[in-house]
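Keeping the supplied structure of chain A fixed, place chain B upon it in accordance with the hints.
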Amino acid sequence: MPMRIPSFVAGVVLAALALTARGSNSDSGSEAKVPDNPADVKGDITYAIWDVNQQPAMQEIVKAFNTKYPNVKVSISLAVFDQYFTKLKTQASSDNLPDVFWMNGPNFQLFAANKQLGTLDGLLEAKQVDPANYPKALNELYSLDGKQYGVPKDYDTIALWYNKKLFADAKVEPPTAEWTWDDYKAAAGKLKAALGSKGIFATADTLGNQADYYPAMLSNGGFVIKDGKSGYSDPKSIEALQFWSDMVKAGYTPTAAQNAESPSQDRFFAGKAAMMWNGNWVVSAALKSQYKDDFTVVPLPKAPSGDRKTVIHGIGNVMRAKSKNPAAAAAFLAFLGSKDAALIQAKAGAANPAFTGTQTDFVNSAPAYNLKTYIDAAEQYAEPYPASKDTAVWNKLETDLIAPAFGGDKPMSEVAPEVATKMDEALGKEK
Amino acid sequence: MSGKSRSADGGWPWLFVLPTFLGVLVFYLWPLVKTLYDSFTETGPFGGSTWVGAANYSQLVGDTEVYRAILNTVVYTAIVLLGIPLAVLFASLLNRPNLRFAMLYRTLFFLPYVAMPTAISLVWRIIYNGDYGVLNQALGVIGIDGPSWITQEWFALVAVALLGLWLSIGFNMVVLSAGLKSIPGELYEAASLDGAGAVQQFRAITVPLLTPSIFFLSVITTIAGFQLFDQLFALLGPVNPVMPKTQSLVFLFYEAAFVSNERGYAAAVAVLILLVVGLLTLFQFRFQRRWVNYGQ
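Line by line, the protein sequences are chains A and B.
For the first sequence, counting from 1, position 244 maps to 244 in the UniProt record's numbering; every step adds exactly one.
For the second sequence, counting from 1, position 237 maps to 237 in the UniProt record's numbering; every step adds exactly one.
The shape of chain A in the complex, shown without the other chains (with noise of 0.2 Å):
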C-alpha cells in the first residue's frame, strides 16, 4: 500500500513530461536523429512485428541495442500478419502507433501518404543511416515523393526450385540458368507424361502475383504499374499471363481450385510436383521436407526475348511521424539498419538480411540449395516490387479476375484489359 502513492505521483509527473514532451516535438518525426552520446538516449519505445519465428532474432537484436543504448527498453508487440495491418490502422486512427514497425511493401504508400511515417531525412544527413547499403530497388520501394521512410531489413526474390530425383525419375534433363519459358513448358510435357499417372503435377506453382506472374510480366517486357497506369492492358503483359494460362490450360500447372484446396507449394515439399517458381522464404518449409534432400534452386527462366526479371520484395523498418520519443526511436531505428543487426539475423537463418554482404550465413543456412542464386538475382535483375497508395484494392482484383482466369476458356487478352479499365479506375480515386 505505501508504495501507492509515490508511484501514483511518479505516474503523474511522467505523463506530464509525456505531454510537454509530446507538444514541443509534435512534428520533430522528420529531423529525429540521434544524440552524440548514446547515455542521453531514453525512455520507453514498441516495436511492433508480425512474425513469431523472428521473434527471437529481433529479441536478440533488442539486446544488441540495449549494450549501445542502455537507457532505452524496446519491448517487442507481435501480431499475426493477418491482423497486423488492421491493428496498426486502428492504432493510427487513436494516434496510437508504435514507435518503430514492420511495413511492407503494398501498404507503405498508404501508412506514408497520410502522414503517419517519420522520414529518414535527419538519420541520412548525420550518415547514420546510409541507403549504398541495401539493394537499390529495396530503398525505391520505401520512398514516397522523393523522401525515404523505410530502412530495408530483408528482402527476397523469385527463383526456380526443382526436384532433382523427380527429374531424374522422368528421364529429363534438369533445369540450367539458361532455360526459356519455352524449355520450361516442354520439360513440363514430359514430366507430366511420365509422372502424371502417379499423381505427380510437373510444376506447383501457386499462381500468385509475387512468384509467379509478376516475374513473368516484367521478364516478357510488361509492367504491372507504371506513372500511375495499370500494366493489364499492355501486350506484352497479357503474352506472359498467357503463358501462366496455358501452363495451366495443359494440365502441367494446378488449377487455382486445386491450388485453393491444398496449396501448390506443399506438393513440391511432399514430392508430389517437380519444379516451381518461389521465393526464399519457402526455405525453412524446404528443410523440414523429408525430401529436402531432392530440392535445389536455378535462376528463373527467360522470357522468349532472352530476358529474366524478377520483383524484390522486403521487410522494411520505419518510424511513427509522432512518435513520443523521436530520439530513442531514431537510436533503434539507426541500429536495426546497422551491419550488425543484419549479421544477428543472417546467424538466426529466419531471413535472409538486406545489408549487403552479411547474406553469407543465410546462403550457408543450406548450402545444397544453391541460394546465392537469390543474392544474384537481386544485384543483377530485380525490380522494386509493384505498389501503389491503394495496392490492396487492385491487389484484390487480381485475386478475384486474374487467378481464378489461369486456365479458363476465356483467354487472357479478354480479361486483363478488364482487369486494366478497373485498376485504373481506382488508381484514379487514389488521392
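Worth flagging that the hints you see were computed from the coordinates, not collected in a lab.
There may be inaccurate statements among the hints.
[Stated by the list, open to error] Across the chosen pairs, the derived CB separations fall in these ranges:
(1) A/Glu430 - B/Tyr37: 20 to 28 Å
(2) A/Gly251 - B/Ala54: 44 to 52 Å
(3) A/Gly146 - B/Pro238: 33 to 41 Å
(4) A/Ala285 - B/Trp154: 27 to 35 Å
(5) A/Glu430 - B/Glu153: 28 to 36 Å
(6) A/Gly251 - B/Val114: 38 to 46 Å
(7) B/Phe27 - A/Lys164: 57 to 65 Å
(8) A/Ala285 - B/Ala115: 22 to 30 Å
(9) B/Pro13 - A/Asp40: 52 to 60 Å
(10) A/Gln59 - B/Arg100: 54 to 62 Å
(11) B/Phe216 - A/Asp266: 40 to 48 Å
[Said to hold, decoys possible] Below, simulated SDA-like cross-link-like pairs (lysine to any residue); rule was C-alpha separation at most 25 Å, straight line:
(12) A/Lys422 - B/Pro244
(13) A/Lys115 - B/Val259
(14) A/Lys192 - A/Ser289
(15) B/Lys245 - A/Gly208
(16) A/Lys185 - A/Gly306
(17) A/Lys229 - B/Gln59
(18) A/Lys165 - A/Gly189
(19) A/Lys164 - A/Ile375
(20) A/Lys226 - A/Asn209
(21) A/Lys42 - A/Gln59
(22) B/Lys245 - A/Asp409
(23) A/Lys429 - B/Gly48
(24) A/Lys87 - B/Asn261
(25) A/Lys422 - B/Lys245
(26) A/Lys396 - B/Val66
(27) A/Lys115 - B/Ser260
(28) A/Lys396 - B/Gly48
(29) A/Lys198 - B/Leu139
(30) A/Lys422 - B/Val250
(31) A/Lys422 - B/Tyr57
(32) A/Lys422 - A/Pro384
(33) A/Lys429 - B/Gly44
(34) A/Lys115 - A/Asn104
(35) A/Lys87 - B/Ala234
(36) A/Lys322 - B/Phe258
(37) B/Lys245 - A/Gln242
(38) A/Lys272 - B/Asn136
The structure displayed is predicted, hence computed values, not measured ones.
Where is the CB? At the ideal position from N, CA and C, for every residue including glycine.
Frame of chain A, contents of chain B only:
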C-alpha cells in the same frame, strides 16, 4: 404508492442501472450512431471523413456483388434453419425416458457448439477436400463421384451451410431440451390413455408446446445466419476462386472496411445488414401469433 416510492428512492435506482446503461451506450448505441453517420461519409483507413450524402447507398444499389451476397446469405440462413426441425427430432428422441447413454449423446451433440469455429472449419476443410477428403471417399463407396466441395460454385455455399447447420444443432438441442422438460408428463399419459401413438403424441403435444422455443431459435438462427463470416472465411480460405460467388454480406463488409479501406461504404453495408435483420425479426414477431402456442 408508486409516486411515493419513487421520491423516497431518489436517484438511487439510476445509479444501479448506470454501469449496464453506460456499457450499452458506449458499446452498442454509440457505434450504431457512428456507423449510421459513417455510412454517409467517405472515411479513409486513418479516419478523417468527408460528408458524401447518399453516395455510398447509391453505390450499394448499383453493386452486383451485393445482390449475390444477399442471395448467398439467404440460402445459407435457410439451410441452417433446417437445423431446428432436426434438433426437435433429436431432442425428443434424446428425451425419451430410459434412454441409455443419454449423457453421452448429449455431449456429442453439444461438443461442436463449444469448440472453436475456426478450428472446426479447418477440420471440415480436410473432410470436404476433393482429392482425399473423407466425404468424397464415403460417397465413392456408394458409387458417387463427389465434387470438389469447397471450390465449386453453390457446392461451396452448401458446404459452408452444412457446417453451420451441424454447428447449430448442439445449441438448438439445449434450448429444446429445456422446453421439453417443461411439458407436463400428464399430457402424455392422458394422450396414451386416449390411444394416441408416439407419432401422434409428438405431433399433437410435443411440437405445439415447443413452439415458444422453436420461435426463439428461429429468431436467433436468422440473426446469426446473417452474420455469417468466420466459417466461410476459414473453410474456403483467402485465395479461393469461388469466393466472389460465395461471399456473404458480412464478408463484403469486411473486404470494404479492412481490405479496400472504404470505411464509409463498409458502414453502408453494415446498415443494410442491420435493416434486413431488423425487418426479418419484426416480421417473425408479427407472424408468431399465428403459430406460437403460449399455452393459454
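Hint by hint, here is what the structure shows:
| no. | hint | in the structure |
| --- | --- | --- |
| 1 | A/Glu430 - B/Tyr37: 20 to 28 Å | holds (24 Å) |
| 2 | A/Gly251 - B/Ala54: 44 to 52 Å | holds (50 Å) |
| 3 | A/Gly146 - B/Pro238: 33 to 41 Å | holds (35 Å) |
| 4 | A/Ala285 - B/Trp154: 27 to 35 Å | holds (34 Å) |
| 5 | A/Glu430 - B/Glu153: 28 to 36 Å | holds (32 Å) |
| 6 | A/Gly251 - B/Val114: 38 to 46 Å | holds (44 Å) |
| 7 | B/Phe27 - A/Lys164: 57 to 65 Å | holds (59 Å) |
| 8 | A/Ala285 - B/Ala115: 22 to 30 Å | holds (28 Å) |
| 9 | B/Pro13 - A/Asp40: 52 to 60 Å | holds (58 Å) |
| 10 | A/Gln59 - B/Arg100: 54 to 62 Å | holds (56 Å) |
| 11 | B/Phe216 - A/Asp266: 40 to 48 Å | holds (45 Å) |
| 12 | A/Lys422 - B/Pro244 | holds (16 Å) |
| 13 | A/Lys115 - B/Val259 | holds (20 Å) |
| 14 | A/Lys192 - A/Ser289 | holds (22 Å) |
| 15 | B/Lys245 - A/Gly208 | holds (20 Å) |
| 16 | A/Lys185 - A/Gly306 | holds (15 Å) |
| 17 | A/Lys229 - B/Gln59 | holds (24 Å) |
| 18 | A/Lys165 - A/Gly189 | holds (17 Å) |
| 19 | A/Lys164 - A/Ile375 | holds (22 Å) |
| 20 | A/Lys226 - A/Asn209 | holds (16 Å) |
| 21 | A/Lys42 - A/Gln59 | holds (19 Å) |
| 22 | B/Lys245 - A/Asp409 | holds (18 Å) |
| 23 | A/Lys429 - B/Gly48 | holds (16 Å) |
| 24 | A/Lys87 - B/Asn261 | holds (13 Å) |
| 25 | A/Lys422 - B/Lys245 | holds (18 Å) |
| 26 | A/Lys396 - B/Val66 | holds (16 Å) |
| 27 | A/Lys115 - B/Ser260 | holds (19 Å) |
| 28 | A/Lys396 - B/Gly48 | holds (24 Å) |
| 29 | A/Lys198 - B/Leu139 | holds (23 Å) |
| 30 | A/Lys422 - B/Val250 | holds (23 Å) |
| 31 | A/Lys422 - B/Tyr57 | holds (20 Å) |
| 32 | A/Lys422 - A/Pro384 | holds (23 Å) |
| 33 | A/Lys429 - B/Gly44 | holds (12 Å) |
| 34 | A/Lys115 - A/Asn104 | holds (16 Å) |
| 35 | A/Lys87 - B/Ala234 | holds (20 Å) |
| 36 | A/Lys322 - B/Phe258 | holds (24 Å) |
| 37 | B/Lys245 - A/Gln242 | holds (24 Å) |
| 38 | A/Lys272 - B/Asn136 | holds (21 Å) |
The earlier numbered hints are all upheld by this structure, with none contradicted.
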